[in-house]
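If you're matching them up, the sequences are chains A and B in order.
Mapping of the first sequence onto the numbering used here: position 29 corresponds to residue 29, and the numbering continues sequentially without gaps.
Basically the numbering used here = 1-based index in the second sequence + 1000.
Hints in this document: simulated from the structure, not taken from any laboratory.
On a predicted model such as this, the values are computed, not experimentally measured, just so you know.
Any given hint might turn out to be false.
In silico BS3-like pairs for lysine-lysine, Cα to Cα no more than 25 Å straight-line [what the hints assert, rightly or not]: (1) A/Lys111 with B/Lys1123; (2) B/Lys1010 with A/Lys70; (3) B/Lys1031 with A/Lys51; (4) B/Lys1031 with B/Lys1010; (5) A/Lys70 with A/Lys20; (6) A/Lys51 with A/Lys70; (7) A/Lys110 with B/Lys1095; (8) A/Lys115 with B/Lys1095.
Which stretches of chain B does chain A cover? Using the computed rule of at least three CB atoms under 8 Å from a CB of chain A, they are [what the hints assert, rightly or not]: (9) 1018-1028; (10) 1039-1045; (11) 1056-1067; (12) 1133-1140.
Each residue gets a CB set at the ideal place from its N, CA and C atoms; glycine is no exception.
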Amino acid sequence: MATEGDHIRLANRNHELLLKLLADGGFPDWAVTVAFYKAVHVVEAAFASLKVHSASHTAREEMLKRPRFKGLWKDYSHLLTASRIARYLSSSGAGEFHSFSDYLDLEGVKKLVRKRLYGVEQGTLAFLTTGGKGGLEEDRPCGGLAVCLPAQLRKCQTGSRECR
Amino acid sequence: MAVALPETIKPVELDWHAENDVIHVIPRNQKRFEIQKDRAIEILQRAKDAERFHQQFSLLLDRLAEWVRGHESEIAQAIITLQDGRLTFVVVRNKALYDEQFQDDLADLDCDIANDPDLDLIKLKTLALPIVGGEALRSFLDERLVLVYYGNGRRPHPAGESQP
């Protein structure tokens, strides 16, 4: 079973790819999907620190709907929905929706990441161990997103990393 | 505004109307409704608690109708179906563009239902989709249970077309 640290490493790897996809700009659908999978690993890291493991996406969602995680659920649900639309919704018929960009364009995805993925990250900090928090904040790749987590921001401000 | 579902899907239409703030939900085809509900009980493995499940399911239909009523101007179609062994409330919005407030409202509803002691047998997933034609909805619906809300005598329109 993956540990908190394993999930943090995978979350950071997803974050790195997310930054590349956002910089490229041509794949808002995949960017949102990677953002969702980062959220999955961040949440699973928090659960691992609480000695909980989700056996499925459904099990994770049910856990997140519990009152103690309610704020997390709200942010997570935005990423979950957008990624499901990106992965499974296809419409070539009449109507306004023809591709994912009709739902969320690149700027929309950036806003979603800044608010909702950041919300998931912030929300899980309360549950992570000190090591987990350090991994999530300090090893999180920088750049491309306006929002830094607190420890990362401190690093950025000292000039050791560039955060735009 | 409504979306016409593929011809092979046989939905049960649920009429809802409000009377002094009390919502009434009435299936147009009671026999087909009972068949689909019994099938859902089998699929959801609720045979042991069938009687309680029937009561809770009825309460759920009212709760969802109440929510649909509150968001009527934003919804093209509201459907109860099954996904991944769970009841699923699929809401098709009447716009393609992402709507943050709508997603927040749906996440709140989802959380409220998950934590309602009177609905302890109900495990519900929710999904808000942008406006699409009925054929695009196929992969989100399980034809063994498809209940569609119609308020105040509204009827479906051809796939992807909006009612003025």
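Evaluation of the provided hints:
1. The hinted pair formed by A/Lys111 and B/Lys1123 fails the criterion: a straight-line CA distance of about 31 Å is larger than 25 Å.
2. About 36 Å separates the Cα atoms of B/Lys1010 and A/Lys70, which puts this hinted pair outside 25 Å; it is violated.
3. With a C-alpha separation of about 47 Å, the suggested pairing of B/Lys1031 with A/Lys51 is violated against the 25 Å cut-off.
4. The straight-line distance between the Cα atoms of B/Lys1031 and B/Lys1010 is roughly 13 Å, inside the 25 Å bound, and the hint therefore holds.
5. Only pairs whose Cα atoms come within 25 Å are accepted, and A/Lys70 paired with A/Lys20 is rejected, the gap being roughly 31 Å.
6. Proximity of A/Lys51 to A/Lys70 is assessed by CA-CA distance (about 19 Å); at most 25 Å being required, the pair is judged to hold.
7. Note on A/Lys110 and B/Lys1095: the hinted pairing holds, with a Cα-Cα distance of about 20 Å set against a maximum of 25 Å.
8. For the hint pairing A/Lys115 with B/Lys1095, the CA-to-CA distance comes to about 22 Å; that is within 25 Å, so the pair holds.
9. With a cut-off of 8 Å between beta carbons, the region 1018-1028 of chain B has 0 residues touching chain A; three or more are needed, and the interface restraint is violated.
10. Counting residues of the region 1039-1045 of chain B whose CB lies closer than 8 Å to any CB of chain A gives 0, so the stated coverage by that chain is violated, three being the minimum.
11. With 0 residues bearing a CB less than 8 Å from a CB of chain A, the region 1056-1067 of chain B misses the requirement of three and the coverage assertion fails.
12. Coverage of the region 1133-1140 of chain B by chain A holds. Counting CB-CB distances below 8 Å, 5 residues qualify, and the rule asks for three or more.
Comparing the model with each earlier hint shows violations of hints 1, 2, 3, 5, 9, 10 and 11; every other hint is respected.
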